[in-house]
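Novice: These protein sequences, in sequence, are chains A and B.
Its first residue numbered 137, the first sequence is counted upward by one per residue in this note's numbering.
Its first residue numbered 137, the second sequence is counted upward by one per residue in this note's numbering.
Think of the hints as simulated: they come from the structure by calculation, not from any bench.
Mixed in with the good hints there might be a few duds.
Identical chains blur together in the list; that is why a pair holds if it fits in one copy or across any two.
To be verified - Derived lysine to any residue pairs resembling SDA-like cross-links, with alpha carbons at most 20 Å apart:
no.	residue 1	residue 2
1	LYS182	LEU166
2	LYS141	ARG365
3	LYS223	GLY460
4	LYS223	ILE462
5	LYS472	ASP449
6	LYS223	THR280
7	LYS284	PRO212
8	LYS284	LEU450
9	LYS145	ARG294
10	LYS223	GLN461
11	LYS284	MET213
12	LYS432	LEU450
13	LYS472	ARG331
14	LYS145	ASN364
15	LYS145	PHE290
16	LYS145	GLY254
17	LYS223	GLN453
2 protein chains.
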Amino acid sequence: MQQWKVRSKHFEYDVVIGRGAWRALRRFPLGNYSSLFVLTEAGLWKRWGRCFQRETGLGRLQPVFVPAGEGSKTLPMVELLASQLLKSGADRQSLLLLFGGGVIGDLGGFLASTYMRGIDCVQVPTTVVAQVDSAVGGKTAVNTRTMKNLIGTFHPARLVVADPLVLASLSPRAFRSGMYEVVKHAILVGGSFFRKLEQTGDWLRTGDLDALEPILARAVAVKVDVVNRDEREEQLRHVLNLGHTFGHALEEATHYRRFLHGEAVGWGLLAVARLGRCLNVLSTAEEERIARLVRKVGPLPPIGDLDSARIADLLPQDKKSVRGQIHWVIPERVGKVRIVTGVPLSTAAAAFRDLQRSSSQSHSSA
Amino acid sequence: MQQWKVRSKHFEYDVVIGRGAWRALRRFPLGNYSSLFVLTEAGLWKRWGRCFQRETGLGRLQPVFVPAGEGSKTLPMVELLASQLLKSGADRQSLLLLFGGGVIGDLGGFLASTYMRGIDCVQVPTTVVAQVDSAVGGKTAVNTRTMKNLIGTFHPARLVVADPLVLASLSPRAFRSGMYEVVKHAILVGGSFFRKLEQTGDWLRTGDLDALEPILARAVAVKVDVVNRDEREEQLRHVLNLGHTFGHALEEATHYRRFLHGEAVGWGLLAVARLGRCLNVLSTAEEERIARLVRKVGPLPPIGDLDSARIADLLPQDKKSVRGQIHWVIPERVGKVRIVTGVPLSTAAAAFRDLQRSSSQSHSSA
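Kindly generate the complete structure, drawing on both the sequences and the hints.
Specialist: Here is the structure:
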């Protein structure tokens, strides 16, 4: 079990990851709160709720259920949940525990940040992406019909407790999807973390907690470090967007149906590495090293049929764009990225086409 | 023209009030922003937009219109407006000017605080309540079906510019409604401000800017002072809730149809003064002094038909309640209030019934 401190603008909070992490709630000042609510999905809570309550000693939790899936990350759902909280007696001194993956964390964080102008929350992430990335740093969001995560806030949790035990609930595909985000963090820091992922294969199996735990801990440490240096994403935090500019466009182009988020990021990592090579920012050898690790995670849904011009059109819609400029995060080598602006969309489209070609070749030759 | 500095957690901002206040935008660092949008109501903008653009020198404003009225303060409207902003090219570096009354300020502030996780806004309040109260301090909100202002954030404007010239657009009733909030501030600070209001009648006419301007400036100074001492309302800011506990219940009981917000606060001030007397917190003489000033603003919609038990039932729904406890703000005398908990609802109901009785008597004997 490992623990880090995250400095937010208003307060510090702990991120605890590893077997037994939930027990950290026993040291949390729960007595400061008038009532405790847990936002979760019914199936997930049915499987893990009793275990969570036993480890934390929390008996008086009131569960509030959200239907599983990205479709719940909407403002109408926020209104519904706020009304349920109100009816159940939640006031400004209530605490909201967010027990789930990215949807619960994003939606619940937004709910907590806006219910009666803000109540405290604790993140209890239950997916790989949530544990190593989204539960840390305070970003919350809901989708609109026009854009994913268009509406959101910064509202850090008062505590993040991530126990990899719950990852056993994930389908192999959902587990791998999260691993692309782990790989993203490894590309950002490079060094021994990247080498460790290159050398071991055990982390690909959800069941092997002994192998997995230190990898997740290392991955979340990358996030903690970046957030501690730049909570509001004005500069440094932007590097976490590696692979996401192409990734978002792929998700948009396929109406969020073909790819899990991490899978789109996986393709996004491959595409931006290819773009880096096209721009002479990244060497062929380093691109191959990155691509090998991404590919090692497992098979990705196909991209061969997608129109590269359409993908390019969707790129500037990224929220990180300012004055229509895309701020690309491009690897220079494993362990180092560079922010690049002014890349012609046609160059990005060409890099994507090139990736499509080489992917279908490697596929047909496999 | 007067100017105050408000210290927020992250930055300081100016509140400028008086004739010519809009010109303060000429000194504002507009060059930091990628694009400028103004959220407003079509009728209001038609009447004042050109004047505003002339005084501020802002030509490149993109207006975004909101239907007038409290009915616009909803999450579906936030989603619609966010999509319009996105379509018009608003990004994280855009600035949103909020040109209107409480609805525009609350709704637009919430929109600004959540659009792409927060963009800057400038408040240009155009009603009395907005100028002396709601535009300062950063509270934003939207209503849900279950509670007014249930969902909101703290998102202070980067600048507040209030020119009383626009108050000429207000109906006499809307103008008076705002004046109850001015009276509330006068009760809080007492002294020369309260005496000035007791002695003069000119401030009741919207047209008399010379008399009105110093009164509005004095009223907003009360708000600035309280916010500077307690931005997050944890303690001191709560005193601004004077008259609002009864006021909200009156609005709820009449489904927000009978009273303008300020009128409900007017009755709320009378009711809480009566409650103060019932609790032996306030003397009869001081209650009469407060009541005289409230009554001086003008006629209020009737309350004689309302069921005091129903009003009492609605009191604990106030957002300021914690663990079901109402934190009453009760005047001890003009210029001093006290927070009181543990008041039986039956006592509050009795005070309200007593007010109903004496109001109908004074009405029938008039």
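Novice: Compare the structure with each hint and give your call.
Specialist: Consistency of the hints with the structure:
For a Cα distance limit of 20 Å, the shortest separation of LYS182 from LEU166 qualifies neither inside one copy, at 23 Å, nor across copies, at 53 Å. In this assembly of identical chains, the alpha carbons of LYS141 and ARG365 lie at most 20 Å apart only when taken from the same copy (12 Å versus 30 Å across copies). When the C-alpha separation of LYS223 and GLY460 is checked against a cutoff of 20 Å, the pair qualifies only between copies, where the shortest distance is 12 Å, while the shortest distance within a copy is 44 Å. Taking CA atoms no more than 20 Å apart as the test, LYS223 paired with ILE462 passes between copies only; the shortest distance there is 17 Å, against 44 Å inside one copy.
Within a single copy, LYS472 and ASP449 get their C-alpha atoms no closer than 27 Å, and across copies no closer than 62 Å, so neither meets the 20 Å cut-off. Only between protomers do LYS223 and THR280 lie at most 20 Å apart by alpha-carbon distance; the minimum there is 13 Å, versus 26 Å within a single protomer. For the identical chains of this complex, LYS284 and PRO212 are neighbours both inside a copy (15 Å) and across copies (16 Å), given an alpha-carbon limit of 20 Å. With identical chains, the CA atoms of LYS284 and LEU450 are at most 20 Å apart within one copy only, with a shortest distance of 12 Å there and 38 Å across copies.
In this assembly of identical chains, the alpha carbons of LYS145 and ARG294 lie at most 20 Å apart whether taken from the same copy (12 Å) or from different copies (18 Å). For the homomeric pair LYS223 and GLN461, the shortest alpha-carbon distance between copies (16 Å) is at most 20 Å, but the shortest distance inside one copy (45 Å) is not. In this homomeric assembly, LYS284 and MET213 come within 20 Å of each other (Cα to Cα) both inside a single copy, at 15 Å, and across copies, at 17 Å. Proximity of LYS432 and LEU450 under a CA criterion of 20 Å is satisfied in neither setting, with 28 Å inside one chain copy and 61 Å between copies.
Proximity of LYS472 to ARG331 under the C-alpha cut-off of 20 Å is restricted to the intra-copy arrangement: shortest distance 15 Å within a copy versus 68 Å between copies. For a Cα distance limit of 20 Å, the shortest separation of LYS145 from ASN364 qualifies both inside one copy, at 10 Å, and across copies, at 19 Å. When the C-alpha separation of LYS145 and PHE290 is checked against a cutoff of 20 Å, the pair qualifies both within a copy, at 10 Å, and between copies, at 14 Å. Proximity of LYS145 and GLY254 under a CA criterion of 20 Å is satisfied in both settings, with 15 Å inside one chain copy and 15 Å between copies.
For the identical chains of this complex, LYS223 and GLN453 are inter-copy neighbours only, at 10 Å across copies versus 38 Å inside a copy, given an alpha-carbon limit of 20 Å.
Hints 1, 5 and 12 from the list above are not met by this structure, while the remaining hints are.
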